[in-house]
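Line order of the protein sequences matches chains R and F. Using the working numbering, the first residue of the first sequence is number 1, and each one after it goes up by one. Using the working numbering, the first residue of the second sequence is number 1, and each one after it goes up by one.
A hint or two may mislead.
As the list claims (entries may be wrong) - Cross-link-like lysine to any residue pairs, in silico, SDA-like; alpha carbons within 25 Å at most: (1) F:Lys96 <-> R:Asp33; (2) F:Lys70 <-> R:Leu217; (3) R:Lys70 <-> F:Leu217; (4) R:Lys88 <-> F:Ala80; (5) R:Lys88 <-> F:Arg115; (6) F:Lys70 <-> R:Trp213; (7) R:Lys88 <-> F:Arg93; (8) R:Lys88 <-> R:Leu217; (9) F:Lys96 <-> R:Leu193; (10) F:Lys70 <-> F:Leu27; (11) R:Lys96 <-> R:Gln116; (12) R:Lys88 <-> R:Thr219; (13) R:Lys88 <-> F:Ile125; (14) F:Lys96 <-> R:Asp2; (15) F:Lys70 <-> R:Glu218; (16) F:Lys70 <-> R:His216; (17) R:Lys88 <-> F:Ser114; (18) F:Lys70 <-> R:Ile125; (19) R:Lys70 <-> F:Glu11; (20) F:Lys88 <-> F:His216; (21) R:Lys96 <-> R:Ala80; (22) F:Lys96 <-> F:Arg115; (23) R:Lys96 <-> F:Val119; (24) F:Lys96 <-> R:Pro118; (25) R:Lys70 <-> F:His216; (26) R:Lys70 <-> F:Glu128.
To be verified - Over 12 Å on every C-beta distance to chain R, these chain F residues come out as not near it, computed from the model: (27) Lys70; (28) Leu101; (29) Pro185.
Calculated from the structure, these hints are not laboratory results. Yeah, the Cβ is synthetic: ideal placement off N, Cα and C, and Gly gets one too.
2 protein chains.
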Amino acid sequence: MDHAFSESEREAVYRAIFERRDCRRFLPDPLPDSVVSRLLVAAHHAPSVGFMQPWNFILIRSAEVRSRIKAAFERANQSAAELFDGDKGTLYRDLKLEGILDSPLNLCVTCDRSRQGPVVLGRTIQPEMDLYSTVCAVQNLWLAARAEGVGVGWVSIIDPADLRLILGIPDTIVPIAYLCLGRVPEFPDTPELQRLGWLSRIDLEPLVFEEGWGRHLETFHLSLPDDDRS
Amino acid sequence: MDHAFSESEREAVYRAIFERRDCRRFLPDPLPDSVVSRLLVAAHHAPSVGFMQPWNFILIRSAEVRSRIKAAFERANQSAAELFDGDKGTLYRDLKLEGILDSPLNLCVTCDRSRQGPVVLGRTIQPEMDLYSTVCAVQNLWLAARAEGVGVGWVSIIDPADLRLILGIPDTIVPIAYLCLGRVPEFPDTPELQRLGWLSRIDLEPLVFEEGWGRHLETFHLSLPDDDRS
Chain R
1 MDHAFSESER EAVYRAIFER RDCRRFLPDP LPDSVVSRLL VAAHHAPSVG
51 FMQPWNFILI RSAEVRSRIK AAFERANQSA AELFDGDKGT LYRDLKLEGI
101 LDSPLNLCVT CDRSRQGPVV LGRTIQPEMD LYSTVCAVQN LWLAARAEGV
151 GVGWVSIIDP ADLRLILGIP DTIVPIAYLC LGRVPEFPDT PELQRLGWLS
201 RIDLEPLVFE EGWGRHLETF HLSLPDDDRS
Chain F
1 MDHAFSESER EAVYRAIFER RDCRRFLPDP LPDSVVSRLL VAAHHAPSVG
51 FMQPWNFILI RSAEVRSRIK AAFERANQSA AELFDGDKGT LYRDLKLEGI
101 LDSPLNLCVT CDRSRQGPVV LGRTIQPEMD LYSTVCAVQN LWLAARAEGV
151 GVGWVSIIDP ADLRLILGIP DTIVPIAYLC LGRVPEFPDT PELQRLGWLS
201 RIDLEPLVFE EGWGRHLETF HLSLPDDDRS
């Protein structure tokens, strides 16, 4: 196809997509500023609604700040753990769900909802588009990090009010992602929650419809890779 | 760095990130099912909170369905255009903001908020995490598409209520992205809104803070690429 990458380039892009993992175990070695810079540039080149570029990036290495974040995680996680009963509850309590203090770098990615003024092209009838643009920046960074050999973990079990307080984030700014970054002992073959039997990967085919919700495939032939690229 | 890709693989991942574009001009040639399948598999391997995999994919090729979607875009865009005055208003009305009928394939990516039941690991205190997971799937697809030579455009100027009605999407399901996909005459060097002077790319450095909001870089050295990878 015109404009397609070479086969080896294409395979590299898919490799990043399939081998990206949500990492919770890190090596303490600091990341070179040059590598972190490349990840930030990758994030900054995400698509954004109306070219709004609503993101900011807060790099966090201070042990004191990270210990306050870790305490916020512990509070939220204690409440969360109570929601899972029986075997799930036991498994939940055994899971390692963050690497806030183990990783050499934490990164909070935020969305400035007022950037470029009150009216933004493309965000007129779907006001949440700026939040989604910021998530695209996170995913760019995550894939670039995989290519660099850098592990990334998204910690979502923190009350955003705690993030605001600890990091001094103003009311008009939305914290989107709190990430842990660092070298990792491994990128496992499968997601940890799958390996531990928390949930399995869903079959793709029943998730794909044609022409409307719930209308399963009739004319489109979904071809899946031979290996279980989980 | 251990686990890093080779230099050529890493460059391929960055190439996809930097050369991805929001496309509005398409060639009518249909996309092979095999290529579309690879894009869907890439989307399905996005990170998801608690391994929830909340997405569905509605493939839309029917001219009748697409003409209803196009009419919904026209309605939303007419209201939107009224929000831009003067030169911006003139420029806005000249912009091509979608390729709903020109592209051979439209794709609606949705988020099923009830998938995996009411309590999902990692979504207990940040309930919007499932929406963000679905956006990660969109970005995976977008980057894979660039590697395949397939253009993708995200049409956000449609009332989600119209999408629900036209595509029969139930109340519990949130439409996240309405995408146009197809071969394209070109992937321009810069985003169209930048080329036309709508907005410029923001300098990255002032967007990066250390240890807290608004605290500009002191110890971290942000190194930017020599070329203006816009």
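For a quick check of understanding: which of the numbered hints are violated here, in increasing order? 1, 4, 7, 8, 9, 11, 12, 19, 20, 22 and 29
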